[in-house]
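Q: Construct the entire structure; sequences and hints are all you get.
Each chain is listed here by its residues.
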Amino acid sequence: MVKYIVLFQLIVLLACQSYQWNSERENRKYLVAALAMLTASLATWILGDQLATPRSEYTFLWSFTEQIPGEFGLLSDSLSIVAAWIVCVITAIANCYSIGYVKKNLAVFLLAMNALAMNTVLLAASANLLQMHIFWTVLTLLSYFLLTFNPRGSPVKSSTGIVSAHAFGDLGFTIAIIALFQIFGNFNFGEKFFIGNDLQLRRLEFVALAILTSIFFKSAQLGSTRWLCQTPEASMPAQSLIHSATLLTAGIFPLIRLQNVFECSELVQNTMILGGLGSMTLYSIKAVFAEELSEILAYSSIAQVGALVVAGGFSAYGAMIIMYVSHAFSKSALIFSMGSVVYSLSGEQKLSNMGGLFELLPKTYISSILTVISMVGVPLMSFYYSRKVLLNEIASANRGLALNCIAVGLVVVAAILTSAYLFRMIYLIFHGKRKLTETSLAYLNENDNFIIFPQYIAVFFAIFSGVFFYYALYVDLIWTDVFAFSYGAVGGYAIFTFVTVNLIGIAVAALICKAITPRNISIQLNYKGIDKFKKHFIHIVQNLDRKYFRKVYLLIAGSGRSNHAGR
Amino acid sequence: MQAAADQIMPVDSILLLSISIPLIGAICISRIDEREFTANVKLASLWTTVFAFIISLMLFEASVERFSFLTFGPSFISVRMIAMTTFLVLVAVMVSQDEINMELKKFHILVLILEALLIAIFSTTDILVFYVLLQLIILITFILLEIFGKDSICAVKFFIILSIGSLLLLLGVIFLVNLTEITDINVLSRYTFSPRQESVIFWTFFLGFASITALFPLHIWLPDTGTETPTALTILLLGIFLKIGTFGMQTILLPIAENSCVHFRGYILELATLTMGYATLAARVQRDLKHIVSYISMGQMALITAGLFSGNVHGAAGASFNTIMHSLGATALLMVIAIIENRVGNRNVDAGMIPLIPYFSPIATVAMLTFFSVPWAPSFLGNFLILSACWNERFPIICLGIGFIIACSISHGFKIHRQIFSGISRLKKMPMNRKELAGLIPLIMLILAISVYPRVILDCRGEQAKEKRRL
Chain A
1 MVKYIVLFQL
11 IVLLACQSYQ
21 WNSERENRKY
31 LVAALAMLTA
41 SLATWILGDQ
51 LATPRSEYTF
61 LWSFTEQIPG
71 EFGLLSDSLS
81 IVAAWIVCVI
91 TAIANCYSIG
101 YVKKNLAVFL
111 LAMNALAMNT
121 VLLAASANLL
131 QMHIFWTVLT
141 LLSYFLLTFN
151 PRGSPVKSST
161 GIVSAHAFGD
171 LGFTIAIIAL
181 FQIFGNFNFG
191 EKFFIGNDLQ
201 LRRLEFVALA
211 ILTSIFFKSA
221 QLGSTRWLCQ
231 TPEASMPAQS
241 LIHSATLLTA
251 GIFPLIRLQN
261 VFECSELVQN
271 TMILGGLGSM
281 TLYSIKAVFA
291 EELSEILAYS
301 SIAQVGALVV
311 AGGFSAYGAM
321 IIMYVSHAFS
331 KSALIFSMGS
341 VVYSLSGEQK
351 LSNMGGLFEL
361 LPKTYISSIL
371 TVISMVGVPL
381 MSFYYSRKVL
391 LNEIASANRG
401 LALNCIAVGL
411 VVVAAILTSA
421 YLFRMIYLIF
431 HGKRKLTETS
441 LAYLNENDNF
451 IIFPQYIAVF
461 FAIFSGVFFY
471 YALYVDLIWT
481 DVFAFSYGAV
491 GGYAIFTFVT
501 VNLIGIAVAA
511 LICKAITPRN
521 ISIQLNYKGI
531 DKFKKHFIHI
541 VQNLDRKYFR
551 KVYLLIAGSG
561 RSNHAGR
Chain B
568 MQAAADQIMP
578 VDSILLLSIS
588 IPLIGAICIS
598 RIDEREFTAN
608 VKLASLWTTV
618 FAFIISLMLF
628 EASVERFSFL
638 TFGPSFISVR
648 MIAMTTFLVL
658 VAVMVSQDEI
668 NMELKKFHIL
678 VLILEALLIA
688 IFSTTDILVF
698 YVLLQLIILI
708 TFILLEIFGK
718 DSICAVKFFI
728 ILSIGSLLLL
738 LGVIFLVNLT
748 EITDINVLSR
758 YTFSPRQESV
768 IFWTFFLGFA
778 SITALFPLHI
788 WLPDTGTETP
798 TALTILLLGI
808 FLKIGTFGMQ
818 TILLPIAENS
828 CVHFRGYILE
838 LATLTMGYAT
848 LAARVQRDLK
858 HIVSYISMGQ
868 MALITAGLFS
878 GNVHGAAGAS
888 FNTIMHSLGA
898 TALLMVIAII
908 ENRVGNRNVD
918 AGMIPLIPYF
928 SPIATVAMLT
938 FFSVPWAPSF
948 LGNFLILSAC
958 WNERFPIICL
968 GIGFIIACSI
978 SHGFKIHRQI
988 FSGISRLKKM
998 PMNRKELAGL
1008 IPLIMLILAI
1018 SVYPRVILDC
1028 RGEQAKEKRR
1038 L
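Listed in order, the protein sequences are those of chains A and B.
Quick note, in the working numbering, the first sequence goes up one by one and the last residue is 567.
Quick note, in the working numbering, the second sequence goes up one by one and the last residue is 1038.
In case anyone wonders, no lab produced these hints; they're calculated from the structure.
Here a beta-carbon is modelled for each residue, glycine too, at the ideal position from N, C-alpha and C.
Only true hints are included.
Straight line, CA to CA, 30 angstroms or less: simulated DSS-like cross-link-like pairs of lysine-lysine:
{"#": "1", "chain 1": "B", "residue 1": "K982", "chain 2": "A", "residue 2": "K104"}
{"#": "2", "chain 1": "A", "residue 1": "K534", "chain 2": "B", "residue 2": "K982"}
{"#": "3", "chain 1": "A", "residue 1": "K535", "chain 2": "B", "residue 2": "K982"}
{"#": "4", "chain 1": "B", "residue 1": "K982", "chain 2": "A", "residue 2": "K103"}
{"#": "5", "chain 1": "B", "residue 1": "K982", "chain 2": "A", "residue 2": "K350"}
{"#": "6", "chain 1": "B", "residue 1": "K982", "chain 2": "A", "residue 2": "K532"}
{"#": "7", "chain 1": "A", "residue 1": "K433", "chain 2": "A", "residue 2": "K363"}
{"#": "8", "chain 1": "A", "residue 1": "K535", "chain 2": "B", "residue 2": "K717"}
{"#": "9", "chain 1": "B", "residue 1": "K672", "chain 2": "B", "residue 2": "K1002"}
{"#": "10", "chain 1": "A", "residue 1": "K350", "chain 2": "A", "residue 2": "K104"}
{"#": "11", "chain 1": "A", "residue 1": "K286", "chain 2": "B", "residue 2": "K982"}
If you only want the chain A side, here are some residues facing chain B, beta carbon under 8 angstroms, derived:
{"#": "12", "residue": "T137"}
{"#": "13", "residue": "V138"}
{"#": "14", "residue": "Y144"}
{"#": "15", "residue": "T160"}
{"#": "16", "residue": "V163"}
{"#": "17", "residue": "S164"}
{"#": "18", "residue": "A167"}
{"#": "19", "residue": "F168"}
{"#": "20", "residue": "D170"}
{"#": "21", "residue": "V541"}
Between beta-carbon pairs, the in silico distance windows are:
{"#": "22", "chain 1": "A", "residue 1": "N22", "chain 2": "B", "residue 2": "A1016", "range": "22 to 32 angstroms"}
{"#": "23", "chain 1": "A", "residue 1": "E24", "chain 2": "B", "residue 2": "R602", "range": "50 to 60 angstroms"}
{"#": "24", "chain 1": "A", "residue 1": "R203", "chain 2": "B", "residue 2": "L695", "range": "42 to 52 angstroms"}
{"#": "25", "chain 1": "B", "residue 1": "E713", "chain 2": "A", "residue 2": "R25", "range": "54 to 64 angstroms"}
{"#": "26", "chain 1": "A", "residue 1": "E71", "chain 2": "B", "residue 2": "S756", "range": "31 to 41 angstroms"}
{"#": "27", "chain 1": "B", "residue 1": "M997", "chain 2": "A", "residue 2": "R25", "range": "24 to 34 angstroms"}
{"#": "28", "chain 1": "B", "residue 1": "L746", "chain 2": "A", "residue 2": "K532", "range": "54 to 64 angstroms"}
A: Put into C-alpha cells, the structure is as follows:
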C-alpha cells in the first residue's frame, strides 16, 4: 500500500519541478499544496484500511549488485504505514504554511521539502538494512539543504552541524551493517534473528551498541545535541519537518524497527534508558531557563525524544507508537504557532523582547494555547494518554525496582518541567508588558490565512492523534499482531497525578517568571589557552610538508636557489 | 560479437593504434607554426585525444581474447585504466584550452607523449619495460611541472622523491631478474621464492610504488605539486599519475609476492590508516581549495592501498571501484575549482560566489559529494566494500579508524560546501561558458550513471575468473 503513497509523492514532486521551471506562474504553488493534501488523505485512507485488516506486503523494485546482496523494495506493514502517514500529513500542512511563510525561492523550497517527505516514506518502507542506510543518509543531505535555506535572504551559516553529527552516526550504522552481515549473511530484518551461541550473542551486542550510537547521533541525544540547537535561523516549515521527520524517522523509527537486535542485550537497553533519562531531564531543565524561542523548541524536542528512547529501553513499543505520533503532531503545531509569532515580529527570537502580544495576535494565541494544553498532558488529550501508557509500561516492567522507581520519578519530574517551560513561554510571549518599540508595533498585525489555517489543522491532529492511537492500540486491541502488551498498573491514579503535575508546573512557571527575567546578555566563555594551542597547531600542520623539505633542500642546494624558489 | 570485432580489426593492432595515435598527433603538432595557427594546435591536440579515447574503448571488446605482442597484453584491469587515461587526457586538454596560452606547442606535445606512455605502461606485461616507461613518465611529468608550474621547487621535490622511489624499484627489479632471469609478470607470478627473498622483493617494490601513490613519509611531493600547477596538469597528476602506484601494486606486487603481502598486510594497513589520518588533518587546516583536494586525494589513495592489501575479494573490488571514482570525482571538483578561480581570482575556501552562476550549484554539489565520498554518494560503495573487507579479515580497529577518518573528512567537506555556497559575493552574474559545460556535464553524467548502475565497474569477478582459467 505504501507504493501508492510513493507514487502520489512522485506526482507532487513533478508538480514542484514544473513550478520551479516556470516560477512566474504563481498558481502552481496551490496545485502543489492541493496534491500534497491529496497524498495526505490517501495516506489516511490507507492507514484506516490497515487498522481494519492488518497485513504486510512487500514490493520488489530492483537489486543492487551481485557482490552486495541487498535489494530495493517497499515493505508496507502497520509500522511503516504509520510513519508514512505522519510524514504525509505534516508535509501537506507545511506545504500550505510555506505558501504564506516563504517569500523568496518558494519553488526550490517546496521541491526540497517534498523530496524530504518522499525520502522519509521510502526510509520507513525499507525492508533491509542497506536500503535503510541509504535513505537514512540521503535524509541527512536533504535536511542539510533544507536547513541552509533561509526565506529572508542569505543562507544559514550554522547548518553544517547536522551533517557532521550525522556523518559519525552513519559510520556507526555502516559498521553495524558490516558486522551483522558477517554474522547472519543477509541484510533483511523481516524474520527474527536466530541466536546460535554465545559468540554470536556477543557480536550482536556490539552491533546493537553501534546502531545505538548512531541513533543517539541522529536523534540528538546526550553528547550530540548541538546540531539541533544550531538551527534557529532556518525557516519554520523546514524546522517542523526536521523535528518531526528527520529526528523521529531517522532517530526513533529504527529503535522500533530493529527491536529484535536491541532486545538481545540487557546492557544496550540499560544504556538506552540511562541516556534517554539523562537527556530528558537535563534538557527539560535547560528549556526552563532558555532565553530564545528556538532554544525552547530544540530543548523540548530533545527532552521528548529522550522519553521515547526510555520507552524503547523498557521495550514499551505500544507506548512508543503513541508518543511518536503525539510528539510529531504537537511539535509541528507548536512550531507553526511560534513561527507565526516570529514571522509577524520579522525574525525576532529573543523572549526578552516580546510580551503582551495577546491582543495583537489573537488567532495565533488561541492555537498556541491549545497546543500547550495538549502538550502538558491535560486529561483526555494526546500527551495524557502517551504519558499514562509510558508510566504503565515502566511500572510493570521487569527491570529491578531501583531502575523502575528512578525512571517513573524522572518522567514525572520531566512532566512538571514541561508544563513549567511551556507556560513560561506563553506568559513571556503573550502576556505581561509590551517591550517592542512603537514603530514596530504599528506594523504588527495578524498573519494571513495561509499561516493561520494550517496551525489549526496541526492543532487538531496534535490533540486527537494520540487519543485515536491509544484507543486503536490499547482498548480495541486491533494490533495484537504487532505488539503484545498488558493493560493497567497506573490505572485511575493517572488523572489525579497529571492534574497535580500541571498545577505544580504552572506554579513553577509563575515563580520563574517573577524571579528570573530573561536577559539580553549572552554569556561567553573564553578559552584563551586552548585557542593559543589551536593556533600554533594549525600553523605547524599547515607548513609541515613545505618546511621540512625546504630546509633540507636549502642545505643541499645553497641559498642561491632559494630566491628563485621563493617567488 | 567477439569474432566480428576480431575480423574487423585484430586486437594487437588496436593497442598499437591507441599507443601510436597520440605520438602521430604529437608529430603533427610539432610541424604547426605556433604563432600563426594557435587555434590549430589546440584543435589538433583535442581531436587526437578524442580519437585515442574512441580507439581505447574498442579495447574493451577486444581484451577478452588474450594475446601478447612485444610484451604488451592488456588484462581487464588495465583496459579499464587505459580507457580512464584517455578520457582524462581528453578532459585535461579540454580544460587547458583557455588556461594555457604560453608555450602551447610544448604543452600539447608533451601531454600527448605522456598519454602514449601511460597507455603503454598500463598494458605491459614485462617488468623491465614497466620500469623504463615509469622513468620516462616521471621525466616528462617533471619537464611539464618545471615549465608550467608556478613554483619550480615543486618540480624538484617531485623529481627527488620519485627518484628515490624508483631507485628502490630498480633495486627490486635487478634482484628479481638476477634471481630468476625472467621478466614476464605472468610467468613470475607462478615462481616460488624463499620467504626472505620474497620479503626483499616486497619491500623494495612496495616502497617504490608507495612513493608514486604518496603514502605517508613519501608524500611530500603531492600537496604542493597539486597546488602550484595549472588545472590540466593537476588532473593528470591526481587522476592518473597516482594510480600508477596502485596499479603496480595490484598487477605486479600482489601476484609476485603473494605470501609476503599476506604476512605484512597488518603493517601496510596501519601505514594506510596513518596516511589517511595525516591527510585529513592536514586538509582540515588548509585554505587553498586545491591544497585540500590534493591532501584528500592522498587519503583516498591510502584507502585504495588498504583495500588492495586487505587480502579480500571485496577489498580488491572496492579498491578498483574507488580508483575510477576518485579519478572522476577529483577531475570534476578540480574543474569546479577552476571555474571559481576564473570568476573570483583566488581559490580560498571562503571565496563564496556560487549563487552567481546559474545551474552551477547542483553540478558542484555532485562533484563534492563524489569526491568526499559521502555515504551512498557514487563513490561510497567502494569505501563500504573496503571497510567490510577490513572487518571480515579481522582488522576491526583499523576498520573503525578508517571509518572515523572518513566521517571527519565528510564533515570537513560539508564545511567547505557551506563556506562556498554562503559567501558574500561582490561580482556580477556570470553563466558558465560552453567549454566549461562541455567538460563538466559528461563527467557528471558518467558519475551519476555509475552510481545508478555500478555493475559496469564492479562486476569484474567473472572476467578475472575467465583470465585465471586461460592462464
